[in-house]
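Q: Residue numbers (my numbering): 1 to 196.
It should be emphasised that the hints constitute simulated quantities derived from the structure, not laboratory data. Yeah, the Cβ is synthetic: ideal placement off N, Cα and C, and Gly gets one too. A hint or two may mislead.
[What the hints assert, rightly or not] Label-pair ranges, simulated between beta-carbon atoms:
1. Arg169 - Pro22: 30 to 38 Å
2. Ala106 - His51: 14 to 22 Å
3. Arg33 - Ser188: 21 to 29 Å
4. Asp47 - Arg190: 31 to 39 Å
5. Cys156 - His92: 22 to 30 Å
6. Ser188 - Val26: 22 to 30 Å
7. Arg33 - Arg189: 35 to 43 Å
8. Asp79 - Arg169: 31 to 39 Å
9. Arg128 - Gly168: 33 to 41 Å
10. Arg189 - Arg40: 19 to 27 Å
11. Lys37 - Asp172: 34 to 42 Å
12. Thr155 - Ser88: 17 to 25 Å
13. Pro49 - Ile166: 31 to 39 Å
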Amino acid sequence: MPTSKRATTIAGTNVYLRPPRPSDAVAFLRSVRASAKLHRNWVKVPDSPRHFAAYVRRYAQRAKAPRHAGFLVLRRTDDALVGAYNFSEIVHGAFESAYLGYYAFAPLAAHGYMTEGLHLALDIAYRRLRLHRIEVNIQPTNFRSVALVERVGFTCEGHSRRYVKIAGRWRDHVRYAMLAEDWRALRSRRRSRHER
1 MPTSKRATTI AGTNVYLRPP RPSDAVAFLR SVRASAKLHR NWVKVPDSPR HFAAYVRRYA
61 QRAKAPRHAG FLVLRRTDDA LVGAYNFSEI VHGAFESAYL GYYAFAPLAA HGYMTEGLHL
121 ALDIAYRRLR LHRIEVNIQP TNFRSVALVE RVGFTCEGHS RRYVKIAGRW RDHVRYAMLA
181 EDWRALRSRR RSRHER
């Protein structure tokens, strides 16, 4: 049975987003274990009760201007955990920017849920957090992740050599970004398509 609307931060057709909470630990860690092969070379996710508790403390902040904001992506029909979107290093003032990290969980990866979830996460970033720029850094051989951000409308801005250490190795990343005005234009086009 789907979670009540009060617990939902933002809902789409097939998924909804909400901040992580301590009661998610068992389902989250089970999903992490089931997705170990999927995540191995791409991302380091919270993989123990202690790491998950730290993740919740960091990303479930309710402050008016948080430095980090995290959202679990859940399927509406059964509350199955699909993945997560995490905005980090949120800076306001003249910068109005953040980094976006994310990961999907097996077996619900590659079913379109994360695409819908990304549209919702961007809605939060630009409308609620009032950000101007979102940056995503992806390993160039992570083809699914590259396809996701390109499909949603991010622009490739360049290549960062040996950018992040993952699984014991410094790895190159491709830098993508989306500006608030890009998002508004893309959102307007999506609405026009749906009205036809």
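Q: Now look at each hint and say whether the structure bears it out.
A: Hints and how they fare:
At about 33 Å, the CB distance of Arg169 to Pro22 agrees with the hint of 30 to 38 Å. Our hint of 14 to 22 Å for Ala106 and His51 holds, since their Cβ atoms are close to 19 Å apart. Between Arg33 and Ser188 the C-beta distance comes to about 41 Å, which lies outside the given range of 21 to 29 Å. Between Asp47 and Arg190, the C-beta spacing of about 35 Å keeps the proposed range 31 to 39 Å intact.
Cys156 and His92 have their C-beta atoms about 26 Å apart, which keeps the hinted 22 to 30 Å range intact. Restraint check, Ser188 to Val26: a C-beta distance of roughly 41 Å breaks the suggested window 22 to 30 Å. Evaluation of the 35 to 43 Å hint for Arg33 and Arg189 yields a pass: the beta carbon distance comes to about 40 Å. For the hinted restraint 31 to 39 Å between Asp79 and Arg169, the CB-CB distance of approximately 36 Å keeps it satisfied.
Here the CB-CB span from Arg128 to Gly168 is close to 37 Å, well matched to the stated 33 to 41 Å. Between Arg189 and Arg40 the C-beta distance comes to about 36 Å, which lies outside the given range of 19 to 27 Å. Checked against the given bound of 34 to 42 Å, the beta carbons of Lys37 and Asp172, roughly 22 Å apart, lie outside it. Distance hint check: the CB atoms of Thr155 and Ser88 are about 20 Å apart, consistent with the given range 17 to 25 Å.
In this structure the supplied range 31 to 39 Å is violated for Pro49 paired with Ile166, their Cβ-Cβ distance being about 22 Å.
Violated hints, in rising order: 3, 6, 10, 11, 13; the structure is consistent with all others.
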